[in-house]
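Novice: This is what each chain is made of:
There are 4 protein chains.
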Amino acid sequence: MAGNSTGEIFRVTTFGSSHGPALGAVIDGCPAGLELSEKDIQRELDRRRPGTSSITTPRGETDRVEILSGVFEGKTDGSPITGIVRNRDVDSSAYTDLKNRPRPGHGDYTWKARFGHYDYRGGGRGSGRVTVGHVIGGAVAKKLIERWGVRVNAHVIQIGNIRASRVNLKLIGEYAEKNPVRCADPKAARLMEELILEARERGDSVGGVVEVVATGVPPGLGDPVFGKLDADLARILMGIGSVKGVEIGMGFRVAEHRGSEINDEYYLDGETIKTNTNTSGGILGGISSGMPVTARIAVKPTPSISLPQRTVDLETMEETEIEIHGRHDPCICPRVVPVAEASVAMVLADHMIRAGYIHPTDINR
Amino acid sequence: MAGNSTGEIFRVTTFGSSHGPALGAVIDGCPAGLELSEKDIQRELDRRRPGTSSITTPRGETDRVEILSGVFEGKTDGSPITGIVRNRDVDSSAYTDLKNRPRPGHGDYTWKARFGHYDYRGGGRGSGRVTVGHVIGGAVAKKLIERWGVRVNAHVIQIGNIRASRVNLKLIGEYAEKNPVRCADPKAARLMEELILEARERGDSVGGVVEVVATGVPPGLGDPVFGKLDADLARILMGIGSVKGVEIGMGFRVAEHRGSEINDEYYLDGETIKTNTNTSGGILGGISSGMPVTARIAVKPTPSISLPQRTVDLETMEETEIEIHGRHDPCICPRVVPVAEASVAMVLADHMIRAGYIHPTDINR
Amino acid sequence: MAGNSTGEIFRVTTFGSSHGPALGAVIDGCPAGLELSEKDIQRELDRRRPGTSSITTPRGETDRVEILSGVFEGKTDGSPITGIVRNRDVDSSAYTDLKNRPRPGHGDYTWKARFGHYDYRGGGRGSGRVTVGHVIGGAVAKKLIERWGVRVNAHVIQIGNIRASRVNLKLIGEYAEKNPVRCADPKAARLMEELILEARERGDSVGGVVEVVATGVPPGLGDPVFGKLDADLARILMGIGSVKGVEIGMGFRVAEHRGSEINDEYYLDGETIKTNTNTSGGILGGISSGMPVTARIAVKPTPSISLPQRTVDLETMEETEIEIHGRHDPCICPRVVPVAEASVAMVLADHMIRAGYIHPTDINR
Amino acid sequence: MAGNSTGEIFRVTTFGSSHGPALGAVIDGCPAGLELSEKDIQRELDRRRPGTSSITTPRGETDRVEILSGVFEGKTDGSPITGIVRNRDVDSSAYTDLKNRPRPGHGDYTWKARFGHYDYRGGGRGSGRVTVGHVIGGAVAKKLIERWGVRVNAHVIQIGNIRASRVNLKLIGEYAEKNPVRCADPKAARLMEELILEARERGDSVGGVVEVVATGVPPGLGDPVFGKLDADLARILMGIGSVKGVEIGMGFRVAEHRGSEINDEYYLDGETIKTNTNTSGGILGGISSGMPVTARIAVKPTPSISLPQRTVDLETMEETEIEIHGRHDPCICPRVVPVAEASVAMVLADHMIRAGYIHPTDINR
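Protein chains in written order, with UniProt numbering: chain H, 1 to 365; chain G, 1 to 365; chain P, 1 to 365; chain Z, 1 to 365.
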C-alpha cells in the first residue's frame, strides 16, 4: 500500500522511525530545472528541530540533511530527490519500561493491533519524529511553488484557552517566527508560553490550534469529486500526529450561519475576480478561487505526560500503571507549524502540476 | 487523474452530473461472493432522494438504480460492480439566466477557472446530485462491512444554533430516521425543522453539523503515515459538497484540554482491551483502536438562496446581480446523513481489506 | 485494487462481462473542450463488432454505445466520460455443459482459483468481449491525440506461418481495412483468410501476429524508471486476452545483432533530429524519440475449439472431456486490431498529458 | 508521477543515478515480521555488481548496502524499508566529451526531450546502474515469497546466435551461477563467453535472451483486466534498460500453432489440478494457474560501443561523430539475470498480497 506516500504527481514517500538509523523522504515527480540545495531543506528542518527553546523537548538532534539523489549541477534533474537525516541523540533507555505496556493517547496499542508488534522505543514510525520526512518533502514543494508566487505560512492561534488576535495574513510568517510559541500575536504568545511552562511543571501537556494560510494560490486547483483541494488538504493535515480536527475557511462556524450571511459575493478588482469576504477559505466546489487558502487544525495535548496512567500489559494481559519519562514537548503546536506548512505546500505543489500551472517535467517550459 | 475515484483496493469511481443523462458508480475491488441486489442500493438511494419531505427540494427524481455489471447469480463476482441512476426530472430552464454569471458560494466560477467552462445547469458535476455515486458505492460498502459486524450511522446534531442532546450510539440509526431532519433527539428535531422552514420562507438557507458513528470497527485499520484511517475519513468527508470542517473524536475541543484530561486509559473488558473514555474517536496514531469511530462534519448553508446576490458576468466582465430560482434544499444536512454514512462505509471497507480483515478476492476465505 | 483501470491521468476504468446486462468504460482525466459524440466511439466499436465477416463469430451484437456522462454541449466537460454497450444477443445455453468443467486455454480455472467461482457463460469478465471497454476508452483517446497529429494504426502481419510483406507505415490504416483479415498486404490477406476458414472447418483455430504503429508521437513521452512508455505499452498489450508476447521495435531479433548494427544513429532533417534507422521502435531509455512507435504482439489461437479436450470436473474432482460449442472466432487477430489500436492510444493519451504536451484540464490552453 | 515506483501494495520506489551520491530503494507495504538483514540484500547486489568477471565492466563498485529504516530487532516492522548503496568509483572524465552529443542507442536525447537536459555522466538516471534499486527491492520480495515456497531463477538462454539447450527448471538457479555468462547449459556458456570476448575485442557489443522461471507460484494471482499478472510482468520486464521484447510461456511461437496443439489440457496430480503442457507459461486469463511462470526477455547489445558513431550536437545543432570510451559491459545479459529475478519477485510479492495469499500487515497471520 502506498501508505507512506502522498500526492499524485508531486509524490512524496517518507521513511524512518524515532530510534532507527535515519529518516527521510523521496520526492518523485518534481519537475527538472529547479535550483535546490541542502540549505533549502535545512532551513525548514531547523524550524522543526527539537531542543531549540525552553518549551520543546531537550532531545539534541542536529537534523542535518543529506541529499542523496535528484540534484545535478545545482538543479533538480527530473529524477527522484532523496533527502535523509540521521538519528544521532537516540536514547532508548527510557523506553524499556514501556515494552508491552502501551501508552494512553499514543499509537502503541493500535500499531500492535495492526502489525503484531510495536516499536516501544519512542513510538517507532508512530513518533512525531516522522514529520522530518514531511518537512523534507515540503521544503522542495515550497521552493517549487514560491517560484510561482505561492507562500505558505502557519502560526499558532490558540493554546489551551488563550486565543491570539487576528493578524494581517501577509505578516503571519514574519511575526510568528519572533517567539518560541510561533504565535503572530506577541501578547498572546507570552501568555501561551507561560501556560506551556506551567503545564510542563505539572508533568502535564496542553493542546492548541494552528492556522495555515497560503497566499498567491491561482484559481482552478482541485480535482473534483474525490480529489478536491480541500479534501487533499484535510487528508494530509488530519494525518499529522495529534491532529483531531481540520477546518477550511470559516470551518465549524458555518453551522450557525445563513446562506445570505456567508456566501462570498464576487466583485472585480481591476481584471481580477475576487470575493469581498472569504468564508470559503479560498476553495469552492473543492477548487481554489484565487483568494487565500486558509485552514485550521486542532492539535491535542502531547500524550506523553509524566503523571501515572492506567494501561494494560499486553504480555500478561493484566491492568497496570505506567509513568512516561523520556524527553517530550509539553505542547507540540510550535513544532507543528513548519510541519503544517510543509504539508500544505506538498498538496499545493501536487495540485499546481495536476492543474497544469506548473509543467510536469521541466519548470522552464 | 483519478479525481473521481476513492479507495486503494475497494475503489469507487463515480460519474454523472446534475442535468446529464445519468449518474453512477463503478466499484472495483469488492471481493466475490457477497449477496447483492438492486434493493440493497435502492434502500440507501431512497434515503438521499429529493422530494421526500417539506424540508427538501421538490425535484421529483425517482432515482431508480440499475446494476449493469459485477453481480452473477445474486452475488458479487469479483468484477467491477456498476450501478446507474438516470436523471428524469431535469428542468434546466431556471438556469439559463445564470449562464456566465457564477453563483456566490457555488463552484461555478472555480470550475470555469479549472476547465475553461462550467455547466450552468444546476452546477453540472459540481452539483450535490453527484452524491448519488457516493451512495451507490457506500451501499455496497455497507453490505460488505455489515457482514463483519460494522455499522455506520449518521445523524444531524446541530442546525443553526440548535444542538441535539447526546444519544446512545446504538440508537442513533433508529431514532434519526424517525423525523425528516434525521436528528436522533426528537425535541431538537422539531425545533430544527421549524428553523429550516423559517429560513426557506425568507428565501434563505441554514447550516448544521452531522455526526457519523461506526461501531464494531476492528482494531488495526489504517495505513500510517499518509494513509491513516482518520486522514482518509477526513479526505472523503471534507470532499462532500458544502462541508467546511471535519473532527475526529473530541475534535477542536482538544485544544482546551490537558493531556491528563484526555488520554483515554486502557482497561480490560474480559479479554478485550478498551478505553474508558473515547476522546480519540476510536483512532490513535491513525489506526483504529476497536472503540467506536466518531466523526463530525460542518455543513454550510445551501449556497442557493433566492435573495439577490452580487456577482460578475464572465462574458462582459461587469459586476451584476443574480437571483437564483430553481429548486433547492433550504438545509442539506438531512440529506447529507446517508452520504456521510456512505462515505465512511467506503473508507472502512477499503481499510478492512487493506488491513487483511476481509479477504481481497473472496469473502468466503 | 484498481485492476480494471489503466492510466495515471487519462485513466480508463472498464466493466461488464460476456453475458451480463452491459459493458462499458469510464474515462476520467480527459481534458475539457474536446468535441466528442457517440459517433466517434461507434465507429471504433463497429470495427471490433462480431458477425461482420465469414471469419468472425456469428454472435449478432449491434454494440450501440450510449454516452451517459462527461459531454456537455458536444464537448467533453472535464468530468468522467461514461460509455456503455448493452449485451443483446446473449445465448448462455451452449455453456451450461461447461459449468464446473474449465475449458483448456481459457481463464475459467484460474478465475475459480482467484474468486472462488467463475462465470461459465462465455467466460464472464474473462471473455474477449470485455475489450468493448478498451475500444470505448481508446476511441476517446484517439480523438484526443489525433488533435495533436498522432495516428495509431494496427494490422495483421502474420497468421499461422503466413507472413505479410512490409508496407509503408502511412498506408497501413487504409490498406488493412480493405479485407476482413485486416492485413495490409492483399496477397497475404487472401492466403490468411483461406487458412482461417480451413482451421474453422476442422473445428480448430489459428494464431498470428498484430503490429501497431503510432506516427506523429512527440519526443519526450515516458516516465522513467518503472513508468516508461515501452513498459506501459507492454503492460496494456500483454493484458489483451490471448496475447503471449510483446515486442518494441526490432524486438527479439536484437538478440542476434551487434551494437554497431542496431544503434540508430542521429541526423538532422531540417531542424528535427531523427534517426536513419528505427530499430528502437521510437523509444529509447523508455522515452519516445519522435520516430514512429512500433510494437508487435503475438496472439494465440482462440482456445475455444470444437474438438474434444481433456479437463477436470471441479465438483466431482474427476478427469473428464468436453466439447465447446457456442459461437467463436476461429482467429481473433482481425478483431484484435482495433483493440490494440485502442490500447496504444490510451497509453499515448495518458503519457501526452503526463509529459505536459496536452494540458490536463482544458485542451484550449 | 509515480514513475519511479512499482507495485500496488508491495510498492517499491527507487532513486539515484550513475554518478550521484547514492542509489537506493524504499519498499513500502512489506508486511511486518519478516526476518531481514543487510546480508539478504547484499547477496543479490553482489550478483549484479560490476567488475566480477572478464565479461563485465571493470567499474570497481563494492555496492555495499545500508538499511536505513524498516527493520526492528532483525525483522521488518511494517514501516517502509530503505536500502541505499553509495557510488564510490565514479569517474566522469570519460563523459565530458559527450556533453550535448547524445549517444546512439542510449536515452540521452530522449531525456533531453523530456526534462530539458540530460546527465551526460554515464546516463544519470537512465543508466543501467539504476537497477541497483530493482535488486534491493527484489531481495526483500524474494525473501518474502520464498517463505511461501516461491523461487525465482533467471538464466541466459541465448547470446548472439548461440542458444542454450533446455534445462530442468529446478536446476536453472544452481547451474546458471556456475559460469560468468549465467547460462545453465555449460557447453553453450563457453561459446557465449567466447562470443562476448570477441565482440569486446572489436569494440562492439552483443545481445541475447534471458529466461525467468518462477516455481511454486500459487494459482489465483493476477487482477483482471488491466492488472493481470502477465501484464504486470511485461511492464516491469520491458522497463529494464535494453529490453525490447517480452514473452510469456510459448511467446511468439503461438502464432504458428493451432488451438488444438497448444491448449494445455487439465489433469489431476493427486488432488492438484495441473496441465500436461505449459504453453501458457503458468498464466491463463491473466491469472496464475499454479504451473511454473515462465517469461523471456530480449536484451539488445549494449549501446555503448567504442566504434565511431554519427550523432547531432544539440548545442550547435550540427551533425557530428563520437567515440564512447568509459567502462562498459560488452554484453549485459549476465548482469540482467539478477535484475530480471528481482523484477519478477517484486511483481509476485505484490500479487501474492493483492490476492490474499500473504497477509498485508503481518506475515504471522
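Source of the hints: derived by calculation from the structure; they are not laboratory data.
Here a beta-carbon is modelled for each residue, glycine too, at the ideal position from N, C-alpha and C.
There may be inaccurate statements among the hints.
To be verified - List time: in silico BS3-like cross-link candidates among lysine-lysine, alpha-carbon distance up to 25 Å:
1. Z:K143 / P:K99
2. H:K75 / Z:K99
3. G:K99 / P:K143
4. Z:K75 / H:K112
5. P:K112 / G:K112
6. H:K143 / Z:K112
7. G:K143 / H:K112
8. P:K274 / Z:K143
9. G:K75 / P:K112
10. P:K143 / G:K143
11. H:K112 / Z:K274
12. P:K99 / G:K112
13. Z:K75 / H:K99
14. H:K75 / Z:K75
15. H:K274 / G:K75
16. G:K99 / H:K99
17. P:K274 / Z:K75
18. H:K274 / G:K99
19. P:K112 / Z:K143
20. P:K178 / G:K75
What the hints assert, rightly or not - Simulated restraints, written as ranges between beta carbons of each label pair:
21. Z:S37 / P:D313: 26 to 34 Å
22. Z:L171 / H:M317: 22 to 30 Å
23. H:E73 / P:N276: 50 to 58 Å
24. Z:L171 / P:D313: 51 to 59 Å
25. H:N161 / Z:S37: 32 to 40 Å
26. P:D313 / Z:N161: 25 to 33 Å
27. G:N161 / H:T62: 23 to 31 Å
28. G:H359 / P:T96: 22 to 30 Å
29. G:S53 / P:R88: 34 to 42 Å
30. H:N161 / G:N161: 36 to 44 Å
Novice: Now, for every hint given, state plainly whether the structure supports it.
Specialist: Against the structure, the hints:
1. As the CA atoms of K143 of chain Z and K99 of chain P are separated by approximately 39 Å, the hinted pair breaks the 25 Å bound.
2. Pair hint K75 of chain H plus K99 of chain Z holds up; C-alpha atoms about 17 Å apart against a cutoff of 25 Å.
3. With a CA separation close to 28 Å, the supplied pair K99 of chain G and K143 of chain P exceeds the 25 Å bound.
4. For the suggested pair K75 of chain Z and K112 of chain H, the alpha carbons sit about 14 Å apart, so the restraint of at most 25 Å is met.
5. A C-alpha spacing of about 48 Å is found between K112 of chain P and K112 of chain G, which places the hinted pair above 25 Å, so the restraint is violated.
6. A hinted pair counts as satisfied when its Cα atoms are at most 25 Å apart, and K143 of chain H with K112 of chain Z qualifies at roughly 23 Å.
7. For the hint pairing K143 of chain G with K112 of chain H, the CA-to-CA distance comes to about 28 Å; that exceeds 25 Å, so the pair is violated.
8. The straight-line distance between the Cα atoms of K274 of chain P and K143 of chain Z is roughly 45 Å, outside the 25 Å bound, and the hint therefore fails.
9. Between K75 of chain G and K112 of chain P, the direct Cα distance comes to roughly 14 Å. Compliance with the 25 Å bound is thereby established for this hinted pair.
10. Only pairs whose Cα atoms come within 25 Å are accepted, and K143 of chain P paired with K143 of chain G is rejected, the gap being roughly 40 Å.
11. The suggested pairing of K112 of chain H with K274 of chain Z is violated, with an alpha-carbon distance near 40 Å, which exceeds 25 Å.
12. A threshold of 25 Å between alpha carbons decides the hint, and for K99 of chain P with K112 of chain G the separation of about 54 Å lies outside it, so the pair is violated.
13. A threshold of 25 Å between alpha carbons decides the hint, and for K75 of chain Z with K99 of chain H the separation of about 17 Å falls inside it, so the pair holds.
14. Distance restraint check for K75 of chain H and K75 of chain Z: the Cα-Cα separation of roughly 38 Å exceeds the 25 Å cut-off, and the hinted pair is therefore not satisfied.
15. A C-alpha spacing of about 52 Å is found between K274 of chain H and K75 of chain G, which places the hinted pair above 25 Å, so the restraint is violated.
16. Taking the CA atoms of K99 of chain G and K99 of chain H, the gap is about 65 Å. The hint is violated against a cut of 25 Å.
17. The straight-line distance between the Cα atoms of K274 of chain P and K75 of chain Z is roughly 52 Å, outside the 25 Å bound, and the hint therefore fails.
18. With a CA separation close to 19 Å, the supplied pair K274 of chain H and K99 of chain G stays within the 25 Å bound.
19. In summary, the hint linking K112 of chain P to K143 of chain Z is not supported, as the alpha carbons are separated by about 28 Å, beyond the 25 Å threshold.
20. Distance hint between K178 of chain P and K75 of chain G is unfulfilled; the C-alpha atoms sit about 45 Å from each other, more than 25 Å.
21. With their beta carbons about 48 Å apart, S37 of chain Z and D313 of chain P fall outside the hinted range of 26 to 34 Å.
22. The hinted window of 22 to 30 Å between L171 of chain Z and M317 of chain H is violated, with their beta carbons roughly 51 Å apart.
23. Checked against the given bound of 50 to 58 Å, the beta carbons of E73 of chain H and N276 of chain P, roughly 32 Å apart, lie outside it.
24. One distance hint, 51 to 59 Å for the beta-carbon pair L171 of chain Z and D313 of chain P, is violated here, with the actual separation near 35 Å.
25. For the pair N161 of chain H and S37 of chain Z, the beta carbons lie near 52 Å from each other, so the given range of 32 to 40 Å is not met.
26. In this structure the hint that D313 of chain P and N161 of chain Z lie 25 to 33 Å apart at CB is violated, the actual value being about 47 Å.
27. Distance hint check for N161 of chain G and T62 of chain H: the Cβ-Cβ separation is about 52 Å, which falls outside the suggested range of 23 to 31 Å.
28. Judged by the Cβ atoms, the range 22 to 30 Å given for H359 of chain G and T96 of chain P holds: they are separated by roughly 29 Å.
29. Between S53 of chain G and R88 of chain P the C-beta distance comes to about 41 Å, which sits within the given range of 34 to 42 Å.
30. Roughly 21 Å separates the CB atoms of N161 of chain H and N161 of chain G, a value that falls outside the hinted 36 to 44 Å.
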